[in-house]
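Asker: Those sequence lines, one after another, are chains U, C and E. Residue numbers for the first sequence follow numbering that gives the first Met the number 0, beginning at 0 and rising by one. Residue numbers for the second sequence follow numbering that gives the first Met the number 0, beginning at 0 and rising by one. Residue numbers for the third sequence follow numbering that gives the first Met the number 0, beginning at 0 and rising by one.
Think of the hints as simulated: they come from the structure by calculation, not from any bench. We put the beta carbon where it would ideally sit given N, CA and C, even for glycine. Check before you lean on any hint, since a few could be wrong.
Listed next, the in silico SDA-like pairs over lysine to any residue satisfying Cα-Cα at most 20 Å (straight line) [stated by the list, open to error]:
1. K33(U) with R220(U)
2. K81(C) with K360(C)
3. K33(U) with N264(C)
4. K174(C) with V273(C)
5. K230(C) with V117(E)
6. K334(C) with E315(C)
7. K241(E) with I219(U)
8. K44(U) with A67(U)
9. K51(C) with V273(C)
10. K230(C) with R74(E)
11. K188(C) with P70(E)
12. K172(U) with K184(E)
13. K188(C) with L150(E)
14. K230(C) with K241(E)
15. K360(C) with P70(E)
Interface residues of chain U toward chain C, partial, derived using beta-carbon atoms under 10 Å [claimed, not checked]:
16. G163
17. L183
18. M187
19. Q208
20. S217
21. G222
Residues per chain, in single letters:
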Amino acid sequence: MRRSRLLYVPFWVTIVFLYAPIAVVVAMSFNSGKSAYTYEGFSLKWYGVLAQDQRVLDGLLNTLIVAAGSTVIATVLGTLLAVGLARHTRSRALDAIALMPAVLPDLVLAIGLLLFYGLIQLTLGLYSVILAHGVFAMAFVAAVVRTRLANTDTSLEEASRDLGAGPVTTFLKVTLPQLAPGILAGAMLAFTLSLDEFVIAFFTIGNLQQTLPIVIYSMIRFGVTPEINALGAILLLVSFTAVIAGQRMTKIGEARAQD
Amino acid sequence: MSRFRFTRRLPAVVAVAGLALAVAACGGESSSAGSAPKAEADQLNPNADLTKQSISVTVWDGYTPKELPEKVKAKLKVQDLKIALHATNEEAMTKLTAGGDSGIDVAFVSGQYAQALNEQGLLEPIHPELIPNLSNLYPEATQLSYDKGNKYSVPYTWGTTGICYRSDLVKAEPKSWNDILNPPSWADKKVTMMTTERWLALPALKALGYSVNTDKDDEIAKAKELLLKAKPHLLGYDDTTFGDKLTSGEAIMVEAWDGWCPTTNDKQNIKFVVPKEGSDLWVDTMVIMKSSKNKEAAHAFINYILDPEIHSWAAENINYKVPNKAAMERVNPPKGSLLGIKPAELLNGESIIDLGQASTKYTRLSTEVAAQ
Amino acid sequence: MSPARTRPATALRVRRRLGAFVFLTPGLAYLVVLLLVPLALVLSYVFFQRGRFGGVVYEYTTENFSRLMDPLYLRVLGESLQIAALTTVIALALGYPTAYLIARLPRKWKTVALVAIVLPFWTNFIIRMYAWIILLNGPGLINSALKSLGLGPFDLLYNQGAIVTGLVYSYLPLMVLPLYAAIEKLDPQLREASANLGASGFTTFRKVTLPLTVPGVLTGCLFVFVPSFGNFVIPEMLGGGKSVMVGNLIRTEFLKARDWPFGSALALALVAVLVVLLLAQAWAARRA
Chain U
0 MRRSRLLYVP FWVTIVFLYA PIAVVVAMSF NSGKSAYTYE GFSLKWYGVL AQDQRVLDGL
60 LNTLIVAAGS TVIATVLGTL LAVGLARHTR SRALDAIALM PAVLPDLVLA IGLLLFYGLI
120 QLTLGLYSVI LAHGVFAMAF VAAVVRTRLA NTDTSLEEAS RDLGAGPVTT FLKVTLPQLA
180 PGILAGAMLA FTLSLDEFVI AFFTIGNLQQ TLPIVIYSMI RFGVTPEINA LGAILLLVSF
240 TAVIAGQRMT KIGEARAQD
Chain C
0 MSRFRFTRRL PAVVAVAGLA LAVAACGGES SSAGSAPKAE ADQLNPNADL TKQSISVTVW
60 DGYTPKELPE KVKAKLKVQD LKIALHATNE EAMTKLTAGG DSGIDVAFVS GQYAQALNEQ
120 GLLEPIHPEL IPNLSNLYPE ATQLSYDKGN KYSVPYTWGT TGICYRSDLV KAEPKSWNDI
180 LNPPSWADKK VTMMTTERWL ALPALKALGY SVNTDKDDEI AKAKELLLKA KPHLLGYDDT
240 TFGDKLTSGE AIMVEAWDGW CPTTNDKQNI KFVVPKEGSD LWVDTMVIMK SSKNKEAAHA
300 FINYILDPEI HSWAAENINY KVPNKAAMER VNPPKGSLLG IKPAELLNGE SIIDLGQAST
360 KYTRLSTEVA AQ
Chain E
0 MSPARTRPAT ALRVRRRLGA FVFLTPGLAY LVVLLLVPLA LVLSYVFFQR GRFGGVVYEY
60 TTENFSRLMD PLYLRVLGES LQIAALTTVI ALALGYPTAY LIARLPRKWK TVALVAIVLP
120 FWTNFIIRMY AWIILLNGPG LINSALKSLG LGPFDLLYNQ GAIVTGLVYS YLPLMVLPLY
180 AAIEKLDPQL REASANLGAS GFTTFRKVTL PLTVPGVLTG CLFVFVPSFG NFVIPEMLGG
240 GKSVMVGNLI RTEFLKARDW PFGSALALAL VAVLVVLLLA QAWAARRA
């Protein structure tokens, strides 16, 4: 038994390592002073400063637009692609291409797109980021939907085809409803990944827009202030709530599926 | 991932590569750089209806007043003023030269970068008749070597580069560029230098007694050697937050532009010195992009900035000297500020100019120093 | 017999083709335009010369390759490999026992522990790096704490140690998850059998658990190594511009130096290293 006690040591080391910096960010966000290092007393003033910061609010709006747009693209195309790859072809090359954006370093995709947009003289804006995020988000949606496809019974689809339904009808009436939970999970994944994405957005965004991660990045480049801590604390709260809610939802979903 | 079959994918990749090459070759001429023709002036209408135009500006963070958009909209009656921010000249250049419409009407960049943009044919010549406030400038400010006669740029601020230091923490006052290139042991890892290529090279070039505009390979190589020797003793390279690092005490000597050296901060004894080997005269300018569809409004914007009341804001709030005589006369320099430096003294500094093809030598120098 | 079965086979095949076309074309077209063409551009720009103001001059050259062979850049590549490898080893050392413990927790706590490990991963990456700046800074919290003990101050930020810390912090969950999946799958009876045969706990681990979880270890290492190797944000934020990884060089060539061809050459080198690693991983996984 003592040996397994010993095992708790690296576990707690990991937990402390993961959460100590987060705790510091949150704690210092309530600092009344101007420094991000020395605590001078409790205050909510930096949250006030944050709420007034037009740059941050614009960045948030842009981030949501990009995430929504790329999620729509990725979900529609990714789902079709997953079905096509699983049911209509055996090509491993196509499999590899569909998975490639998920394995490729973000920086390489980013510069490739920068070159491409430059070559076709595209004026960069939010939509260039939406298109770019669509690329890797699609790979993740396709992967999630394919996992779901692998776990669904093909006999229903076969029956549908046997009864004379075309591939599109079969897809709409039989496959799609079965895939719905997988598609939703894929869409959520795509949305979250886009929200936090920095590198590709940094290379492909227009001069007059910034997404939230880019705003935070440039704020840090101009010095550290507790305003960034306040923003960090809020983002932490939002993503923690979302992850835990998502966890609950999948649990409920699984329970329903088992009924 | 183990299912990746690279052999099978290869033909596809080759095919696509061929396709891309074809696309690249067709689109080639338009984006190839080099001998772009000098920009021809557009016909501008002095009575254009500004309410139909809106201006997008790219500028350093904190370099213009926060309430500028509201003020400009109220005064010039333009539709909108959008501010984009860049951290360094290099970032601005990337934005402006990336191909496609940058969406920017007016850009704030340093003199040598304005010169480079102009050589590339990206700038609209300044129409002096649309900027009556040009007469507010010091006569010296119209004879700057990167753009004599302000043909395509209008100066916004000017100054020099030196060493900014904590007089309470240094054991001896710095006097020479060698004090940061080869810091004494009490300053080890408490020194920062700039990263933007020409200012990275400046301390070394000046310490060696060379021109900041040298294009001689052996001189640049010697400068590189000095810079590499300095690297292990630096806290880091920093163009944007060296002032913060000084106030927090992380650094005690930093290479700094005069205006960003927080000498007016009462609590710390921060001082600025131009090293004995000499330094530069830098000018941050406003330029109008050739691609702008709002050129009349862009001129009106520059004219508005040159208004003594507006232009003096920069001197009072960001502690940069402005090349605007009428504006400087309004300013009451706060204690410790460096605003007292006169134009004549500034002109002792060597003006940084663009070196044409040779400027890539400095790009290479800065990559190599970073990579080492 | 259903009516469909009586149809001629060719009609069925046409329908299948049509299905493949309808489902595959939109996604693949998107990927060809926005993934394969851009990647092919990176590949082809390597052979051109830089334009002075960015862009390229379409004149064939191999200069970018010979420049890549410059010891200067080879060293950066080597150092990036080293940093990424060190990151992977530390993440493995921390992640394996953690995953092992989680796999043996009661079911209820398993989920809690897994969520706890993954949670930081879903928060803004830049903010998490910012947290480390505050912690490691000269006047930062760790130094303040050490000072009250009469130690320091130490140069914790702006060096390779800070970069590795940041990388491990960012990608640790990617190590723990595949390890957990591999360890979880193990049949507990195997361990019991080993123990019954008189093997000590460590011997059981070494002879039974470890070999069976090798594929998980390989996946975890790959998941950590790949993003670490190509990273530029963490070295920039925590390395103070002094330590440079290949990602920083690529970023500099594209966004500062505007030397697209050489930047492309560096990107190609990055991808080449990763492809070699992927192949090695696939090979090792097959043998395991």
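Asker: Determine for every hint whether it applies to the structure shown.
Answerer: Verification of the supplied hints:
1. K33(U) with R220(U): With a Cα-Cα distance of about 17 Å, the restraint between K33(U) and R220(U) holds, given a limit of 20 Å.
2. K81(C) with K360(C): At roughly 35 Å apart (the allowed maximum being 20 Å), K360(C) and K81(C) break the hint.
3. K33(U) with N264(C): 14 Å, holds
4. K174(C) with V273(C): 8 Å, holds
5. K230(C) with V117(E): This hinted pair is violated, its Cα atoms lying about 38 Å apart.
6. K334(C) with E315(C): 12 Å, holds
7. K241(E) with I219(U): Since the Cα atoms of K241(E) and I219(U) sit roughly 18 Å apart, the hinted pair holds (cutoff 20 Å).
8. K44(U) with A67(U): Outside the cut-off at roughly 32 Å; violated.
9. K51(C) with V273(C): Cα-Cα ~47 Å, so violated.
10. K230(C) with R74(E): Status holds; Cα separation ~16 Å.
11. K188(C) with P70(E): Given that 20 Å is the threshold and the Cα spacing comes to 26 Å, the pair is violated.
12. K172(U) with K184(E): Violated, at roughly 36 Å.
13. K188(C) with L150(E): 18 Å, holds
14. K230(C) with K241(E): 7 Å, holds
15. K360(C) with P70(E): The given pair, whose Cα atoms are some 18 Å apart, holds under the 20 Å limit.
16. G163: 35 Å, violated
17. L183: Nearest chain C Cβ about 26 Å off; hint violated.
18. M187: 24 Å, violated
19. Q208: 8 Å, holds
20. S217: 6 Å, holds
21. G222: Hint on G222(U): holds, closest Cβ of chain C at ~4 Å, below 10 Å.
Hint compliance for this structure: hints 2, 5, 8, 9, 11, 12, 16, 17, 18 are not met, and every other hint is.
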